[in-house]
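These protein sequences, in sequence, are chains Y and F.
If you count the first sequence from 1, position 33 lands on 33 in the working numbering, and the numbers rise without skipping.
If you count the second sequence from 1, position 145 lands on 145 in the working numbering, and the numbers rise without skipping.
These are computed hints drawn from the structure, not numbers from a lab.
Being a predicted model, the structure only gives us computed values, none of them experimental.
Hints are not guaranteed to be accurate.
[Stated by the list, open to error] A short, non-exhaustive set of chain Y residues, derived as facing chain F with CB atoms under 7 Å:
hint	residue
1	Ile-47
2	Val-82
3	Ser-87
[Claimed, not checked] What follows is a list of derived Cβ distance ranges for each label pair:
hint	chain 1	residue 1	chain 2	residue 2	range
4	F	Glu-194	Y	Asn-54	34 to 44 Å
5	Y	Gly-155	F	Ser-152	52 to 62 Å
6	F	Leu-162	Y	Leu-10	43 to 53 Å
7	Y	Gly-103	F	Gly-74	21 to 31 Å
Where a beta carbon is used, it is the ideal one built from N, C-alpha and C, also for glycine.
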Amino acid sequence: MKTKYMNPYLAGVLLGLVLLMAFFFSGRGLGASGAVKSTVVTMVSTIAPEHAANSPFYSKYIGEGKNPMKSWLVFEIMGVLVGGFLSGALAGRLKLKIEHFPGISANRRLIFAMIGGILFGFGSQLGRGCASGSALTGMAVLSLSGFISMGTMFGTAFALAYFFRKNWI
Amino acid sequence: MGPLIPQEIIGQDWNLFIAFVVGIGFGFILEQAGFSSSRKLAGVFYGYDTVVLKVFFGAAVTAMLGLLFFSLFGWIDLNLVYVNPTFLGSAIVGGIVMGIGFIAGGFCPGVSFSAIAIGKIDAMVFLGGIFIGIFMFAEAYPLLERFYMSGSLGALKLSDVLGVSGGFLAFLVIIAALIMFWLGDLAEKKFPREEY
């Protein structure tokens, strides 16, 4: 197969340098689910301010002088959208489409994408971060939590791959 | 010297700008590596494409070594670098739930944003799911709080658990990464697939 993507080892080293840059400047690593959390908190506290103020979850992020959208991860994710778009534009990959294994329907792909997103969202809050925030960043700082996240996340996906094979191969 | 912003060598006002610039690099590389394709990502679990493994471990090892060398040269104070705290129960169960989400959805949250940026509708639906999942957790939080806080070990490093130096642990991770890269190449030869 002809490769249309960057060499994976080069991409790995470059991604590691981006992560190192985050550590060097901001003293913290990458993340993603935290930006969605900030958005959820903002939405709930706008629609139902009383409910948010009384909740032990939302109330951690709102209140006097706190703006959950003025967070490091929210700005980082805005950058991810820009960076992804630039890369896609340069490579000629900008296209609105539902990508799926030809053996399944587009609807089936979307249903499983939705289920996967719900689980990932829930799990990221329970596990205090997703693949980038907890596993990748955590491993780079040698955090026990990072190694646990990486091991359980990839381990579970490998263990269940057989049962989901019809979706992918 | 570093980290620059926590030590106020660069003003706090720059922090969000740095976040945005870091994000551009993050998103650009994810897309260049092919992480905007769920079929490429899921390939690691069936052996036909192990790019996830290579990029993930390549990045982890690079950043890990970078931090250790920066610290050795006195360029960064590791005490000021955030180490995510360990809560055993929720870390394990959270990881398992995310693992199911990964094989079902074919994305993780970070890469789904780079996929959305190039127009993948499945990634947009995945992101919708993340919103719902986080909302569900937030609403169920009063019931989950005890479990969420259980098994607290603080900002513990694996090197301290094993009683080895950070450098030695990094060496072990490099060996593990090299073995995985080799297994990845074997798998790609054993389970080749047509263009996808």
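| Does the interface hint hold: is Val-82 of chain Y within less than 7 Å of chain F, judged Cβ to Cβ? | Constraint on Val-82 of chain Y satisfied, holds at 5 Å.
| field | Interface restraint verdict for Ile-47 of chain Y against chain F (beta-carbon cut-off 7 Å) | value | violated (11 Å)
| request: Indicate whether the distance between the beta carbons of Gly-155 of chain Y and Ser-152 of chain F respects the range 52 to 62 Å. | output: Given a distance of about 23 Å, which is not inside 52 to 62 Å, the answer is violated.
| request: May I ask you to test the hint 34 to 44 Å on the CB atoms belonging to Glu-194 of chain F and Asn-54 of chain Y? | output: violated (55 Å)
| query | Between Gly-103 of chain Y and Gly-74 of chain F, is the Cβ distance one that fits in 21 to 31 Å? | reply | At roughly 56 Å between Cβ atoms, Gly-74 of chain F and Gly-103 of chain Y fall outside 21 to 31 Å, so the hint is violated.
| said: Hint validation: Ser-87 of chain Y versus chain F, beta carbon distance must be below 7 Å. Holds or violated? | reply: holds (4 Å)
| field | Hint check for Leu-10 of chain Y and Leu-162 of chain F - Cβ pair distance inside 43 to 53 Å | value | Taking Cβ atoms as reference, Leu-162 of chain F and Leu-10 of chain Y lie about 31 Å apart, which means the hint is violated.
Checked against the numbered hints above, the structure breaks hints 1, 4, 5, 6, 7 and satisfies the rest.
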